[in-house]
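Chemist: In case you want the letters, here they are:
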Amino acid sequence: MSDQQQPALRLQGIVKTFPGVRALDGVDFEVMPGEVHALLGENGAGKSTLMKVLAGMYQPDEGQILIAGQSVQMTTPIEAKAQGVVLIHQELSLVPEMSAAENIYLGELPLKSFGRVNWATLEKRSNAILARLKCNFRAEVTVANLSIANQQMVEIARALTVDARVVVFDEPTASLTDAEKVVLFDIINDLKSQGVGIVYISHRMDEIFTLSDRITVLRDGAYRGTLTTANTDEDEVTRLMIGRSLDLSRNEAAPKFGKTMLDVRNLSYSGLFEDVSFTVRAGEVVGFYGLVGAGRTEVAETLFGLRTASSGDVLVGGEKVTITSPRDAIALGISLVPENRKEQGLVLQMNCRDNMTLPQVQDLTAGPFVSQGAELAIFDQYRDRLAIKTPSWKQSVGVLSGGNQQKIVIGKWLSMQPRVLIVDEPTRGIDVGSKSEIHQLLRELAAQGYAVVVISSEMPEVLRVSDRIIAMYHGRIMREFDIQDVTEDSLVQAISGIKAEEPA
Amino acid sequence: MAYLYENPLLRWLMRNPIWGFVLIVFIFFSLSSEHFFAARNLQNILVQTSTIGLIALGMTLVMINGNIDLSVGATLALAAAFAVDVQSWAMFATWGNWQILPAVCLALLVGILMGAINGFIVWKTGVDAFIVTLGAMLGIRGLVFVYTGEQSFYAMNFAYSDFSALSVGPLPVLALIFLLCVGGVHWLLSRTVHGRNTYAVGGNREAAVNAGIRVGPHMMINFMIIGFLAALSGVLLSTQMGAATPNLGRDYELWVITAVVLGGTKLTGGKGDIIGTLGGVLAIGILRNGMNLMQVPAFYVYVILGSILIAVLFLDKRFNRTTDGGLRL
Chain A
0 MSDQQQPALR LQGIVKTFPG VRALDGVDFE VMPGEVHALL GENGAGKSTL MKVLAGMYQP
60 DEGQILIAGQ SVQMTTPIEA KAQGVVLIHQ ELSLVPEMSA AENIYLGELP LKSFGRVNWA
120 TLEKRSNAIL ARLKCNFRAE VTVANLSIAN QQMVEIARAL TVDARVVVFD EPTASLTDAE
180 KVVLFDIIND LKSQGVGIVY ISHRMDEIFT LSDRITVLRD GAYRGTLTTA NTDEDEVTRL
240 MIGRSLDLSR NEAAPKFGKT MLDVRNLSYS GLFEDVSFTV RAGEVVGFYG LVGAGRTEVA
300 ETLFGLRTAS SGDVLVGGEK VTITSPRDAI ALGISLVPEN RKEQGLVLQM NCRDNMTLPQ
360 VQDLTAGPFV SQGAELAIFD QYRDRLAIKT PSWKQSVGVL SGGNQQKIVI GKWLSMQPRV
420 LIVDEPTRGI DVGSKSEIHQ LLRELAAQGY AVVVISSEMP EVLRVSDRII AMYHGRIMRE
480 FDIQDVTEDS LVQAISGIKA EEPA
Chain B
0 MAYLYENPLL RWLMRNPIWG FVLIVFIFFS LSSEHFFAAR NLQNILVQTS TIGLIALGMT
60 LVMINGNIDL SVGATLALAA AFAVDVQSWA MFATWGNWQI LPAVCLALLV GILMGAINGF
120 IVWKTGVDAF IVTLGAMLGI RGLVFVYTGE QSFYAMNFAY SDFSALSVGP LPVLALIFLL
180 CVGGVHWLLS RTVHGRNTYA VGGNREAAVN AGIRVGPHMM INFMIIGFLA ALSGVLLSTQ
240 MGAATPNLGR DYELWVITAV VLGGTKLTGG KGDIIGTLGG VLAIGILRNG MNLMQVPAFY
300 VYVILGSILI AVLFLDKRFN RTTDGGLRL
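Order-wise, the sequence lines are chains A and B. First residue of the first sequence? That's 0 in numbering that gives the first Met the number 0, and the numbers climb one at a time after it. First residue of the second sequence? That's 0 in numbering that gives the first Met the number 0, and the numbers climb one at a time after it.
None of these hints come from the bench; they were simulated from the model. One thing to keep in mind: the hints can contain errors.
Unchecked claim - Chain B residues, not near chain A, derived (Cβ > 10 Å throughout):
no., residue
1, L41
2, W94
3, V192
4, Y198
5, A199
6, V208
7, I212
As the list claims (entries may be wrong) - With a straight-line Cα cutoff of 30 Å, these simulated DSS-like cross-link-like pairs (lysine-lysine) come out:
no., chain 1, residue 1, chain 2, residue 2
8, A, K111, A, K133
9, A, K258, A, K191
10, A, K191, A, K180
11, A, K388, B, K265
12, B, K265, B, K123
13, A, K133, A, K123
14, B, K316, B, K270
15, B, K123, B, K316
16, A, K180, A, K255
17, A, K341, A, K258
18, A, K258, A, K180
19, B, K265, B, K316
20, A, K191, A, K133
21, A, K123, B, K123
22, A, K180, B, K265
23, B, K316, A, K111
24, A, K111, B, K270
25, B, K265, A, K341
Predicted, not measured: the structure shown is a model, and the values here were computed from it. Backbone N, C-alpha and C define an ideal beta-carbon position, used for all residues, glycine too.
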């Protein structure tokens, strides 16, 4: 490479503000050709915003982008792609009804005369790319029929349609199996040896330390520093990332567990999960850990009556029950704080009070009318108990911060007096401070005698809040750990489908 | 039940339940009415179907885009009024039968223009197409009344009204035009980049934008296509009647949407095709024709069509539900 000293891409002093938030505050970043540069930071640190600026989806308010030394302005994703900057999205950006080939070449389908699609070329090229990615499906299949991991491969295949200068991978392994990861890493090394600059965003330290040459850390939208991977360690990176060493200690007395509140026996739903058995006692937090698609959310949805299991028993408080709707579940004292609070947990346009009393508003009546007083009493009680910060109950929930939104959802279910509280990804998209508050809250709730199930994809989170951890892989429970015996290695092995050496 | 999925014909019918229904009503009416299965009547069905069918082709594009166009009935009436009126303008008085040409061209241009206006507003304001075209439906219908002065126009040139009686071999010329358009739009939708982008925009708009597809202009083109097809439908309808009435095309938008939805196009966009839409319009055409022959009062047709619409969508949900994994919502 003649321009070895010239960065393939350089960002200087990028500032991007959204109403009320300074999402990026003077960020510097550069990638050399043939380098894997990892970008690290907690959720909300600004990584995704930075990448969207890079891909031409957002315009920076200040700062400049240099590609191969030239200052460029990119106003659309297609311009960015033409400049050789390809972004592989974290959320799948595919059209489910179209074929893999069409998705790979979306927006730039090969042409014949009269605007006709050149199907032969399209399929030949797409299949060649898929073969390079060692995918075991043909380019003709409809994307909706592919597994999430294969859809991710289609997304990655998009990067290979042009001669890329810089490829940005935004958490590419979140839904990949270990075998698929190996293929992906091969591809990345392949691109790297061709002199392509790689930006690699991930939460997984092991991946970053195996793949990257340098690491840049962002925190709260600001640049915290760049480290050479060979000369650093996880602790240093973590300190840059969260401003302190990760504290996993849990300074509290040994919790006292009550009787078994939830007993699930051999629960199965064909295609999603099989033979799932576990118990949760009052006062206990059980963490469900696994990869996306391991079946954890589906188990929770089944317990909450959103699906009907094909076989298996559920016992609540020692009694065998049938749950065929959320109504049944609520009546039995099971509550579910769903994975996606904005789509599944809250009615964003409604105010705080109405959201909180939503499941019980039919009981809060005075004659034919809804009793405002009873509603307010409930809201006030849980606002104080959960320390929800909102100017008033009239505030519409959509404008609150993620942490406060999540507390409203938790408050909503606590007000139903549940016996079992299931919390799915409680801190997704929530900033660091609120995160530890929510963790603290979950511990307190358990101490007050609730049986709590926490589903999480973040290892520090399950380690911090759980008394027991259940590892799931491909719809099956692989192992169950007591918090005293768990090690990160054994946990990672369990969720990757590697059998334990000794019986769990 | 699994063996059913082995048979390719049955699998195709499960994905296109409307064609199964077309087959059933076709056989039913053939057996129950002696007049139904006659070449003359079948030609008739095709001609009757062509009016709604032409608009349904455009509606398929617009609905796959995730939009809807409620203004088609009014556009049809406006185009018909232009087509009939412009022929008798003084400046074309000496043109003989050629006076039909500028009249028809102008009518079609008016249709394209109406579609362009709809599309432009949807593109630039981001207002939902339902609202924009609801407004256009009222507005354009108003224009029709202003233009016609609440009167019907009659075609003075008999060549115009004779056109609808022409045949090419066994096919009436109106049916031929319809079938050509079916072929053309099917080709556009399944073979061209514009057609594939139609699915992309409706299936995942964000992905389409990320891929650099210019969504606004793209949608505007589809609105122009439906405007053109509504106008063409209006012109052909006025040749059949030899006249244009200000109330022409009332409720057509509802028939068209019914046909398109029967044909398996999703209201939310991203899914649908012309084969299904053709099945949808034929189902409606055969049902209306056959029940007419059996002297069933017309309003029963509404009851039956309404029930079938719901039944077909129910079957579709049963057989083609793949993605939600049995989630109850």
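Chemist: All hints, please: hold or fail.
Modeler: Right, here's what the structure says about each hint:
1. Against the 10 Å criterion, B/L41 stays outside the reach of chain A, whose nearest CB is about 33 Å from its own CB.
2. Consistency note on B/W94: stated as away from chain A, and its beta-carbon is indeed over 10 Å from all of that chain's, at 33 Å minimum.
3. At roughly 5 Å from the closest C-beta of chain A, the C-beta of B/V192 falls inside 10 Å, breaking its exclusion from the interface.
4. Once the 10 Å rule is applied to beta carbons, B/Y198 is inconsistent with being away from chain A; the minimum gap is 6 Å.
5. Non-interface status of B/A199 relative to chain A is broken: a Cβ of that chain comes within 10 Å, the nearest being about 5 Å off.
6. Interface exclusion of B/V208 from chain A breaks down, the closest Cβ pair being 7 Å apart, not more than 10 Å.
7. Its closest Cβ contact with chain A, about 5 Å, brings B/I212 to no more than 10 Å, contrary to its assignment away from the interface.
8. Restraint check: the Cα-Cα separation between A/K111 and A/K133 comes to about 29 Å, which is no more than 30 Å; the hinted pair holds.
9. Under the criterion of a C-alpha separation no larger than 30 Å, the hint pairing A/K258 with A/K191 is inconsistent with the structure, at around 56 Å.
10. For the proposed pair A/K191 and A/K180, the alpha carbon gap of about 16 Å is at most 30 Å, so the pair holds.
11. A threshold of 30 Å between alpha carbons decides the hint, and for A/K388 with B/K265 the separation of about 42 Å lies outside it, so the pair is violated.
12. Annotation: proposed proximity of B/K265 to B/K123 holds, straight-line Cα distance about 24 Å (limit 30 Å).
13. Our distance criterion of 30 Å between C-alpha atoms is met by A/K133 and A/K123, whose separation comes to about 15 Å.
14. For a cut-off of 30 Å, the pair hint linking B/K316 to B/K270 stands: about 13 Å separates their Cα positions.
15. With a CA separation close to 35 Å, the supplied pair B/K123 and B/K316 exceeds the 30 Å bound.
16. The straight-line distance between the Cα atoms of A/K180 and A/K255 is roughly 41 Å, outside the 30 Å bound, and the hint therefore fails.
17. With a C-alpha separation of about 34 Å, the suggested pair A/K341 and A/K258 falls outside the 30 Å cut-off, and the hint is violated.
18. In summary, the hint linking A/K258 to A/K180 is not supported, as the alpha carbons are separated by about 42 Å, beyond the 30 Å threshold.
19. In summary, the hint linking B/K265 to B/K316 is supported, as the alpha carbons are separated by about 11 Å, within the 30 Å threshold.
20. Between A/K191 and A/K133 the CA atoms are separated by roughly 18 Å; this keeps the pair inside 30 Å, and the hint holds.
21. Proximity of A/K123 to B/K123 is assessed by CA-CA distance (about 38 Å); at most 30 Å being required, the pair is judged violated.
22. Distance hint between A/K180 and B/K265 is unfulfilled; the C-alpha atoms sit about 36 Å from each other, more than 30 Å.
23. Restraint check for B/K316 and A/K111: the C-alpha separation of about 37 Å exceeds 30 Å, so the hint is violated.
24. Restraint check: the Cα-Cα separation between A/K111 and B/K270 comes to about 24 Å, which is no more than 30 Å; the hinted pair holds.
25. This hinted pair checks out: B/K265 and A/K341 have alpha carbons roughly 25 Å apart, not beyond 30 Å.
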